[in-house]
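Student: Given the sequences, and given the hints that come with them, work out the whole structure.
In order, the protein sequence lines correspond to chains A and B. Throughout the first sequence, residue numbering follows this note's numbering, covering 1 to 281 in sequence. Throughout the second sequence, residue numbering follows this note's numbering, covering 1 to 343 in sequence.
By construction, these hints were calculated from the structure, which means they are not laboratory data. Take every hint as true, because none was put in to throw you off.
Each computed SDA-like pair below joins lysine to any residue, with the alpha-carbon atoms no more than 25 Å apart: (1) B/Lys78 with A/Ile94; (2) A/Lys2 with B/Gln63; (3) A/Lys55 with A/Val32; (4) B/Lys78 with A/Cys71; (5) A/Lys198 with A/Leu228; (6) B/Lys74 with A/Ile94; (7) A/Lys2 with B/Thr66; (8) B/Lys74 with A/Thr84; (9) B/Lys78 with A/Gly38; (10) B/Lys115 with A/Met1; (11) A/Lys14 with A/Glu37; (12) A/Lys2 with B/Thr117; (13) B/Lys29 with B/Pro324; (14) A/Lys2 with B/Pro88; (15) A/Lys55 with B/Ser72; (16) A/Lys25 with B/Gly75; (17) A/Lys195 with A/Thr231; (18) B/Lys8 with B/Ser41; (19) B/Lys115 with A/Gly99; (20) B/Lys125 with B/Glu180; (21) B/Lys78 with A/Asp36; (22) B/Lys200 with B/Thr188; (23) B/Lys115 with A/Glu35; (24) A/Lys2 with B/Lys125; (25) A/Lys25 with A/Glu13; (26) A/Lys14 with B/Val77; (27) A/Lys2 with B/Arg84; (28) B/Lys125 with B/Gly111; (29) B/Lys78 with A/Val32; (30) A/Lys78 with A/Leu157; (31) B/Lys74 with A/Arg98; (32) B/Lys165 with B/Glu180; (33) B/Lys74 with A/His87.
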Amino acid sequence: MKNPYLPLPVRIEKVVVETEDNNVKTFSLCFVNKEDEGGFTYTPGQFAEVSVLGKGEAPFGMASSPTQPGCLEFTVSKAGVVTTALHNMEAGGIVGVRGPLGNGYPVEALKGSNVVMIGGGFGFSTLRALTNFLLDDANRGSFGDVTVIYGARSPGLLLYKDELKQWQERTDLHLYLTVDVGDQEWRGRVGVVPKVAKDIAPGSENTYAVICGPPVMIRFTLPVIKELGFTADRTLLSLEMRMKCGLGMCGRCNIGAKYVCRDGPVFSLAELNQLPQEFWG
Amino acid sequence: MRAKIIRKDDVAGLLESLMEEYEVFAPVKRDGLVLFERISSASEVFLDYQNSVMPPKQLTFPQTETLFGYSSAKGEVKIEVPHREEKPQLIFGIRPCDASSFVVLDRVFDGEEYKDTYYLERREKTVTVSMGCVKPRSTCFCSSVAGGPFSTDGSDLLLTDIGDKYVAQIVSDKGAQLLEEREFRDATEDELASAATVVKAAEASMGPGVEMDGLKDKLDSSFDDPIWHQLTEKCLSCGICTFLCPTCHCFDIVDEAVDSNGERIRIWDSCQFPLFTLQASGLNPRPTVKERFRQRMMHKFSYFLDRYGRVGCVGCGRCITECPVNLDLRQVLNSVSRLEGVK
Chain A
1 MKNPYLPLPV RIEKVVVETE DNNVKTFSLC FVNKEDEGGF TYTPGQFAEV SVLGKGEAPF
61 GMASSPTQPG CLEFTVSKAG VVTTALHNME AGGIVGVRGP LGNGYPVEAL KGSNVVMIGG
121 GFGFSTLRAL TNFLLDDANR GSFGDVTVIY GARSPGLLLY KDELKQWQER TDLHLYLTVD
181 VGDQEWRGRV GVVPKVAKDI APGSENTYAV ICGPPVMIRF TLPVIKELGF TADRTLLSLE
241 MRMKCGLGMC GRCNIGAKYV CRDGPVFSLA ELNQLPQEFW G
Chain B
1 MRAKIIRKDD VAGLLESLME EYEVFAPVKR DGLVLFERIS SASEVFLDYQ NSVMPPKQLT
61 FPQTETLFGY SSAKGEVKIE VPHREEKPQL IFGIRPCDAS SFVVLDRVFD GEEYKDTYYL
121 ERREKTVTVS MGCVKPRSTC FCSSVAGGPF STDGSDLLLT DIGDKYVAQI VSDKGAQLLE
181 EREFRDATED ELASAATVVK AAEASMGPGV EMDGLKDKLD SSFDDPIWHQ LTEKCLSCGI
241 CTFLCPTCHC FDIVDEAVDS NGERIRIWDS CQFPLFTLQA SGLNPRPTVK ERFRQRMMHK
301 FSYFLDRYGR VGCVGCGRCI TECPVNLDLR QVLNSVSRLE GVK
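Tutor: In structure tokens form, the structure reads like this:
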């Protein structure tokens with residue numbers, strides 16, 4: 001029997017401060033034992049429990065794409081005990097990773113379709129993983145149009161700035177960036193994500209909408225998506241809940257009979273419509 | 001039915017012989033409380049009880065448990081799972097409800113994809129010698145939840161008190177082995193008939209319990225019904241119902257560390273506590289007593305059924321007897337069952 005509670009040791013290879021408020025950092029974590037790397041096969045949208053020994057563990061979606069093998073990336077907002085401890089660590093430090101956990105985005109089902117990703121805040125991390133997965137040379141031909149609508153409260157809070165610049169150069173990706181409030185240098189869109197989604201109005205024919213962001217963004221984005229003609233089974237959401245075990249045993253992340261850690265974190269709106277409406281708090 | 005006879009005068013001798021092979025846990029009375037404890041002498045056992053205050057759940061799922069210890073030095077981290085060289089354990093006198101709770105917990109911890117190795121190793125080494133309930137309590141409702149005062153679910157042996165002896169029904173291979181290694185004679189037809197009379201009388205004495213017909217549908221459709229506010233108004237969120245519940249399995253995982261050494265510990269937690277689902281962002285999907293109490297009912301009587309094909313309750317009634325504000329789960333569920341205008 002494999003003990004599912006044991007973390008694999010990983011070394012912090014690189015730490016990137018993502019936001020101007022220093023509150024969000026991306027950690028590049030590399031397996032200390034190379035043989036562990038091969039056992040950790042994941043799809044975009046899956047997550048892992050990251051351990052800071054002595055402080056505890058917390059779940060984060062992988063921000064890296066499995067098409068970029070090697071180290072795992074996690075984008076972490078400083079909020080509680082574990083994330084604060086992680087933020088205080090530097091390259092070279094040893095932490096633990098347990099996973100991959102959860103279902104991830106249904107990349108096989110997306111094949112042959114267009115994909116519109118709508119993200120906000122640091123919830124964008126697994127959509128970044130999905131974008132890189134779809135844009136990978138080996139995969140790009142399997143998918144139709146790829147559109148990314150991504151917003152943050154201010155320009156300084158947008159993640160992955162260098163990568164966004166590279167994405168803007170690409171002809172096989174429609175990238176729309178927006179901020180709630182601009183600044184003197186910002187020349188892009190200003191407006192909240194749901195409004196921008198409405199203005200851009202991506203076509204819904206043969207298209208999946210994939211949404212990840214704060215509850216308030218989701219709440220106002222869903223009606224827009226519906227109006228654009230996206231059906232509930234082609235509207236995918238990645239949810240967040242407090243978790244501990246990640247295995248469907250510790251009993252805290254359920255919505256109705258579904259565990260977000262085991263059956264999710266990715267659900268179609270059609271699935272969520274069958275469940276008690278308990279996830280927005 | 002295969003059954004042997006154990007004379008009451010022989011129970012002490014049987015326990016002494018079992019103690020050579022097993023860690024034996026049995027009901028013991030301490031400071032007026034009946035609890036399952038490890039015994040070192042048969043004289044400690046107290047069998048004139050209806051049920052223990054706490055279920056013997058901690059014998060397979062301890063309240064706190066070290067998942068692993070770790071130490072780090074010079075960039076190297078060592079992780080060690082505590083080595084357990086435990087004797088097999090035998091629970092003598094466990095009630096049928098509590099024995100069946102292990103079958104409920106198995107559903108959670110023995111998953112298709114993930115196995116809780118800590119629970120399963122202990123479970124594998126556990127033998128249950130159950131004592132059927134001649135006098136069920138007024139708060140017992142095992143018969144409502146597919147059990148009964150003499151249910152064999154989760155037992156290896158089931159004892160039925162027929163006066164000066166027990167009829168020991170063999171339920172599993174473990175139970176068969178235990179008796180066959182020792183010299184007990186087969187039960188006679190007359191003795192089996194006496195046992196059947198005792199069982200029938202006990203079953204007939206059970207209260208009305210919970211109306212299970214259609215309950216799940218009512219629960220599923222009453223999620224947003226205002227009745228949950230009324231039903232849960234007096235709940236204090238103290239969580240004793242969950243801590244005394246033989247099937248509650250929710251837990252927290254925490255680290256305890258001194259310098260660079262420490263342990264990761266699993267500890268029982270409760271869905272009745274406000275912090276249970278509080279996210280770091282400040283969002284809490286179950287912010288008040290109403291949502292948390294409803295979650296407890298829904299989890300046991302709807303979600304568990306969906307997920308594992310049986311209800312997550314064995315009807316022991318501890319959540320009723322020990323509730324400080326006399327909130328009665330049977331009344332709560334029956335109120336939902338009787339809701340009108342809800343499907």
